[in-house]
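Chemist: As a plain string of letters, each chain reads:
Protein chains: 2
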Amino acid sequence: MSQQEYPRYPPDVSELQLRDVVVSAQDWSIAHGLAVRPATSFVAEAQDPSGSLAVTAPITLFPSPFPRECFKNALAIQQSYNELYARIAGEEAWLKRVVEELVSVDEFMAELWTIHQKVKEEGYVQDLTLGLFRSDYMVHVEAEDNAHSSSLRQVEFNTIASSFGGLSTQISAMHEFLSRSGIYPAESAVVIKPDDLVQSKSAAHLASGLAEAHKAYGSGTTSLPKCILFLVQTPERNVFDQRHLEYPLIYDHKIRTYRLPFSSILDHTHLDASRTLIYTPPHSPSTPHEVTTLYFRAGYSPSDYTTPASWSARLHLERSRAIKCPSILTHLSGAKKVQQVLATPSSPHLSHFLPASRASEVLKTFAPIYPLDTSPAGQHARSLALDPETAKNYVLKPQREGGGNNVYRTKIPDFLRGIPEAQWPAYILMEMINPPPLQNVILRNGEVQKGGVIGELGVYGVMLWRNKLEQGEHMGVQEVLVNKEAGYLLRTKGDTSEEGGVAAGFGAVDSVLLVDV
Amino acid sequence: MSQQEYPRYPPDVSELQLRDVVVSAQDWSIAHGLAVRPATSFVAEAQDPSGSLAVTAPITLFPSPFPRECFKNALAIQQSYNELYARIAGEEAWLKRVVEELVSVDEFMAELWTIHQKVKEEGYVQDLTLGLFRSDYMVHVEAEDNAHSSSLRQVEFNTIASSFGGLSTQISAMHEFLSRSGIYPAESAVVIKPDDLVQSKSAAHLASGLAEAHKAYGSGTTSLPKCILFLVQTPERNVFDQRHLEYPLIYDHKIRTYRLPFSSILDHTHLDASRTLIYTPPHSPSTPHEVTTLYFRAGYSPSDYTTPASWSARLHLERSRAIKCPSILTHLSGAKKVQQVLATPSSPHLSHFLPASRASEVLKTFAPIYPLDTSPAGQHARSLALDPETAKNYVLKPQREGGGNNVYRTKIPDFLRGIPEAQWPAYILMEMINPPPLQNVILRNGEVQKGGVIGELGVYGVMLWRNKLEQGEHMGVQEVLVNKEAGYLLRTKGDTSEEGGVAAGFGAVDSVLLVDV
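Chains as they are written, first to last, in the working numbering: chain A, 8 to 524; chain B, 8 to 524.
Please keep in mind that the hints were generated in silico from the structure rather than gathered at the bench.
Computed, partial: chain B to chain A, Cβ under 7 Å:
| hint | residue |
| --- | --- |
| 1 | ASP27 |
| 2 | ALA61 |
| 3 | PRO192 |
| 4 | ALA193 |
| 5 | ARG250 |
| 6 | HIS290 |
| 7 | ASN452 |
Yeah, the Cβ is synthetic: ideal placement off N, Cα and C, and Gly gets one too.
Work out the full structure, taking the sequences as your base and the hints as a guide.
Modeler: In C-alpha cells form, the structure reads like this:
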C-alpha cells in the first residue's frame with residue numbers, strides 16, 4: 008500500500024518553476040525572520056565577527072502531507088500529555104525510583120538529582136512550575152497492512168528547551184503565502200489546497216505561556232521592575248526562533264525579557280535574603296530586575312556544563328523564587344527512561360497518573376520500549392537487541408536528552424558488545440517506526456535537495472501548575488492554572504544517508520498539509 | 008547657535024550598552040526584514056551563488072532628531088508637490104520647452120523624449136498615470152542666524168523608483184521597539200521619548216497606491232488574470248525594500264505581483280492588438296496575465312540601458328495600455344532641470360501650475376538654483392561658479408537622475424574649466440544647504456561608526472491622475488483620482504569623509520525623533 012499512502016508528491020514542477028519558488032521562499036523567509044545565523048562552515052567567524060549575516064533556515068519548499076486523523080489525534084491528546092508529565096514531575100516518590108536506576112550510569116541525571124535533593128533539604132520556595140512541552144511523533148504504517156493503518160507513534164517527550172516554536176509559525180505562514188498567492192505552479196493546486204494547510208500558532212502560544220507564569224508569580228518580594236530571563240547558549244545560531252517568542256512578550260504582553268548566557272548566570276544574578284532572583288544587566292548595572300520566570304533554552308545538554316561552576320549556577324537558579332521552565336524535577340521527567348517505564352508493555356504506571364479513558368488514548372501513541380536492565384523485560388530486550396535478525400526492527404537510544412547518538416537496527420549487536428555490560432541500562436530499546444514513504448524538496452544554505460524524507464510532528468503544550476509541597480517533598484499536583492495545546496512543529500529530514508537525495512541528519516522546518524488516507 | 012540646535016546626541020552610552028543595542032538591533036532587523044543582500048565585497052558570489060545570505064540594512068542605532076515644525080511642514084506640502092508634478096507631466100507644451108534645452112547635452116533625456124514622441128504620434132491608449140513620488144529635503148540653518156531659523160530645503164524630487172519606502176517602515180518600527188521595550192539605556196529616555204518617534208507607514212501607503220491604480224485600470228480588454236509588474240534590476244541587493252510593498256499587495260489587496268528584470272522585458276511580455284500588455288511568466292507559460300500597472304524600480308539610470316533593445320523595451324512598455332508608474336513624461340518631469348526652472352529666483356512657472364497660496368508654500372522649500380546656460384540668470388551663475396570665493400557656497404549637479412557625480416564648493420571652478428563650455432548647460436548650480444550639526448551611530452555590516460551625520464528627509468506621495476489627451480497631446484490634468492501624502496524616509500550619512508567617524512557616502516536608513524528647536 009505504501010506508494011498509495013500519500014498523493015503523488017511533491018508536485019511535478021519544472022526546473023524554472025522550482026527556481027521561482029526558491030527565490031520567493033528565500034525572500035519571504037528573510038523578510039519574516041524564518042532565518043538562522045549561518046554555520047561557521049558556511050561563513051567563517053573572521054568574515055563576520057559581529058554576526059550580522061543571516062540565512063534562510065533549512066526549510067521544505069512544500070508543506071508535507073500528513074494524515075488528517077493522526078494530526079487531529081496528536082493535538083487532541085496534548086492536554087493529557089501535559090497533565091501526565093506535570094503529575095510525574097509533581098510526585099517525587101515515583102520519579103525517585105526511576106531516577107535512582109539511572110544515577111549510577113548517567114552522570115548528568117545524577118547531578119540533576121543531586122541539585123533537587125539539595126534544594127529539597129533547604130525547602131523549595133516556589134510551588135509553581137511552567138512546562139513548555141513538545142511531544143514528538145512519527146506516522147507509523149505496518150509493513151503489510153492496508154491503507155487505513157496510519158497511526159501515531161511517539162518518538163520522545165521534551166520537557167526542556169522545546170525549540171522551533173518560533174520558526175514553526177513562520178514556515179506555516181510561508182507555505183500558506185506560496186500557496187494562496189499563486190507562487191506554487193497552478194498544477195500544484197490539485198494537491199496543495201490552501202484550506203488543508205495548518206497554521207501553527209506556536210510562537211504566540213508559547214509566549215502566552217511564559218506571560219501566564221510571569222503574571223502568576225505575583226507582586227514578588229521587591230519593588231524592582233520584573234522580567235523574564237531567557238537562559239541561552241552562546242553563540243546561538245537559532246536565535247530568531249527564540250526572538251519570535253520574545254517579541255510577542257514585549258509587544259503583546261508588555262513584559263521585559265533579557266537573554267543571559269548559561270555560562271554567565273553567576274556573574275549577573277544573585278539571590279536576596281528571601282531567595283528572590285535578581286538579575287543585573289551587565290550593560291545597565293543601575294537597573295536590577297526581579298526575575299519572575301526562568302526560561303531554559305540551555306542547560307539541557309551535558310555540554311552546557313563545562314565547569315563545576317555550571318552546576319553551582321543550576322543549583323543557584325533552582326533554589327530561587329523564580330518560576331522555572333522547567334524545574335529540575337520536570338527536566339528529569341523528560342528522561343527517556345521515564346518514557347520507557349511508561350511504555351513498557353503492560354506497565355501499570357500510566358493509569359497511576361491518568362484516568363483510564365485518557366490513559367488508553369495516550370497509550371495508543373506509545374511504541375513498545377524496553378529497558379536494557381536485568382529485569383525480566385530487560386532480559387527479553389537484550390535478546391532482541393543482540394540478535395541481528397530481531398535487532399533490525401529496533402533503535403537503541405541513550406537515556407539522556409540531546410539525541411545524536413542513536414544506534415540503528417543491525418548495528419545494535421556489535422555496539423552493545425563493544426561497551427561494558429554495566430553501561431547497557433543507560434540505553435533503551437525502541438521498536439522502529441515505519442513512516443510512509445514521502446518525497447519533498449529541502450532548501451538549505453541556498454542548495455536544493457529533492458528526495459525521500461521523513462517527517463516528525465511535534466505538538467507543543469503549555470502547562471502551569473502548583474505543586475503540593477510537604478516538608479520540601481513534592482506530593483503531587485495541587486492546582487492546574489493553565490493546560491493548553493499550543494501549536495505544532497513539523498520537522499522533515501532525509502530518510503537515509505545511503506539513498507542519496509536529501510542528506511540525512513539535516514532537519515528542515517516544515518508545515519502540515521492535511522490529507523485523507 | 009549650532010551646537011544648541013539639537014539636544015546632546017546620541018545618548019551617552021557605555022561600550023557595553025552600545026553592544027547590547029547592536030545585538031538587539033541585529034536580531035530585530037533580520038526577524039522583520041530590515042535587511043539587504045550582502046555586497047559582493049562582503050560575501051563573494053562564489054561563496055553563496057544562490058543568494059541565500061542577508062544582512063541587516065545599513066541603519067542608525069538611534070532615531071535622529073528632526074525639527075518638529077519642519078517635519079510637519081514637509082508632510083503638509085506633499086499634496087501640493089504631487090499636484091505640481093502631475094501638472095508638469097500633464098502639460099506637454101511646457102515640459103517640451105524644458106526638455107528641448109536638455110536633449111542636446113543629455114543623451115538619456117533625449118532618448119526618453121524620443122520615446123514619448125513616438126507614442127504620441129501613434130496615440131496614447133492609457134490616460135491614467137500613477138506617481139509614487141518622494142520629495143527630499145534637508146534642514147537648513149543660516150550660519151549666523153538664531154536658533155529659530157531651521158527651515159526645509161528641497162534637495163530633489165523623485166518621480167521614478169522612489170526607494171526605501173519598505174525599509175523606512177521597518178526602521179521606524181525598530182527604533183520604537185528599542186525605545187518602548189527599554190533596550191535603549193534608561194539614560195536615553197530623557198532625549199528619546201517614545202511619543203516623539205514618528206512611525207512611517209510608507210510601505211502600506213505605496214502598496215495602496217499601486218492597488219488603486221490596479222483597480223482604476225478596470226476590467227481590461229482580456230479575460231486573463233491581472234497582475235502588477237515590478238520592473239527590477241538584477242541582481243537587486245535592496246530586494247526586501249521592494250518585497251515589503253509586494254506583501255501587502257498580495258495579503259491585503261489580493262493582487263498578484265510579478266518581478267521582471269528590466270533586461271528581460273521583451274522576452275516575457277507582448278502587446279496584443281489593442282496594445283494590452285501581456286506578461287507570460289517564464290516558469291509558467293500556460294498562465295499569461297494582463298498587466299494593469301507597471302512599477303519601475305529600474306530604468307531610471309542610463310546604466311539600465313545596456314543595448315538598443317533596452318530602449319525598444321521601454322518604448323514597448325510606454326505604448327502599452329498598462330498604467331505606468333511613472334509614464335515617460337512623469338519620468339522626465341523629475342529632471343533636475345525642471346527643479347531648476349521652478350526654483351530660479353523670480354521664475355513665473357510655479358504659479359502657472361499651483362494656486363498662489365500653495366505655490367508660495369512650495370516656493371519656501373526651494374534652495375536657489377541656477378542654470379548654467381547663456382541666459383542672464385545663467386551668466387550670473389557662471390560668475391558665481393567660477394570664483395572660488397562664491398563657489399564655496401554652492402554645489403554643481405548634473406541634470407541627470409542617479410546622483411553620485413556632484414561637484415562641491417571650491418572644486419567647482421577647476422571642474423568647469425576642465426570640460427567644454429558647451430557641456431556646462433548639462434549642470435545646475437545650487438546653493439549649499441547648511442544642516443545643523445548632529446552625531447549618531449551607524450551600523451553597517453556589523454561595524455559601528457559614530458560621528459557627525461547629515462540627515463535627508465524624504466516624503467512620499469501617491470498621485471493617480473487622468474490626463475486630458477487631445478490628438479495624442481497631453482493637455483493637462485483632467486481628473487485627480489488619488490492625491491495623498493504617503494509616509495516618510497529619513498536617510499542619514501556621514502557628514503564628510505575628511506573628518507573620520509562615519510564614512511561619507513554610505514547612507515543608512517533612519518527614523519525621525521521630533522524635537523522642538
